[in-house]
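Q: Now for the letters of each chain:
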Amino acid sequence: DSGVTQTPKHLITATGQRVTLRCSPRSGDLSVYWYQQSLDQGLQFLIQYYNGEERAKGNILERFSAQQFPDLHSELNLSSLELGDSALYFCASSAYKNSPLHFGNGTRLTVT
Amino acid sequence: EDQVTQSPEALRLQEGESSSLNCSYTVSGLRGLFWYRQDPGKGPEFLFTLYSAGEEKEKERLKATLTKKESFLHITAPKPEDSATYLCAVQAFYSGTYKYIFGTGTRLKVLA
Chain A
372 DSGVTQTPKH LITATGQRVT LRCSPRSGDL SVYWYQQSLD QGLQFLIQYY NGEERAKGNI
432 LERFSAQQFP DLHSELNLSS LELGDSALYF CASSAYKNSP LHFGNGTRLT VT
Chain B
26 EDQVTQSPEA LRLQEGESSS LNCSYTVSGL RGLFWYRQDP GKGPEFLFTL YSAGEEKEKE
86 RLKATLTKKE SFLHITAPKP EDSATYLCAV QAFYSGTYKY IFGTGTRLKV LA
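Chains as they are written, first to last, in our numbering: chain A, 372 to 483; chain B, 26 to 137.
Where hints are given, some of them may not hold.
[Unchecked claim] Pairs of lysine-lysine, DSS-like flavour, derived with a Cα cap of 30 Å:
no.: 1; chain 1: B; residue 1: Lys82; chain 2: B; residue 2: Lys93
no.: 2; chain 1: A; residue 1: Lys468; chain 2: B; residue 2: Lys94
no.: 3; chain 1: A; residue 1: Lys468; chain 2: B; residue 2: Lys84
In case anyone wonders, no lab produced these hints; they're calculated from the structure. Since the structure is predicted, the reported quantities are computational estimates derived from the model, not experimental observations.
Can you make the complete structure from the sequences, with help from the hints?
A: Here it is in structure tokens:
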């Protein structure tokens, strides 16, 4: 168990809809990273937060947004969903400097 | 440009047939190199951290080593349950934050 919790595990929704994915980092970790992994693809970095502040953006679409709350949990919001957004979405947390990422087990999003 | 390359892309081994996976990297200011195991539909599971050339880490049948340009994950006498995708990542610091650069992984299949 990595200590990173993601909910829900599975999400099925229709095109055009909006969903929110939730992540609770490991106890004590201030930094949260979001990744997207499509079928048989590598991990695509989306966005990073550190102690409530956005620190880096990757290949995140304008339809996607995220935030990190004072209790350090994070949410990834996906709107105007398209079929191509179907993927596994992972959250990871780290103690930051010289530390590995610890991943949750992901949310599998299916857009129909 | 910072880059992580893993080889081979896929590897099939007979049970008990030892081999090595390679991770070569070019990054400015390496803070750490990390190995992960990922099972289908699951989040990457952290295995090892390596910080400096010459360092070695071991866990059961796995041994990770690091040089200035690459890392190896040696698998000794593998078993079918070692079948998974193995990911390598490096951490670097730039633009005011710590970033993780992932390779695309080696898909390992161990046959009984």
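Q: Look at each hint and say if it fits the structure.
A: Hints, one by one, checked against the model:
Between the alpha carbons of B:Lys82 and B:Lys93 the distance comes to roughly 16 Å, so the proposed pair stays at or under 30 Å and holds. Between A:Lys468 and B:Lys94 the CA atoms are separated by roughly 21 Å; this keeps the pair inside 30 Å, and the hint holds. This hinted pair checks out: A:Lys468 and B:Lys84 have alpha carbons roughly 24 Å apart, not beyond 30 Å.
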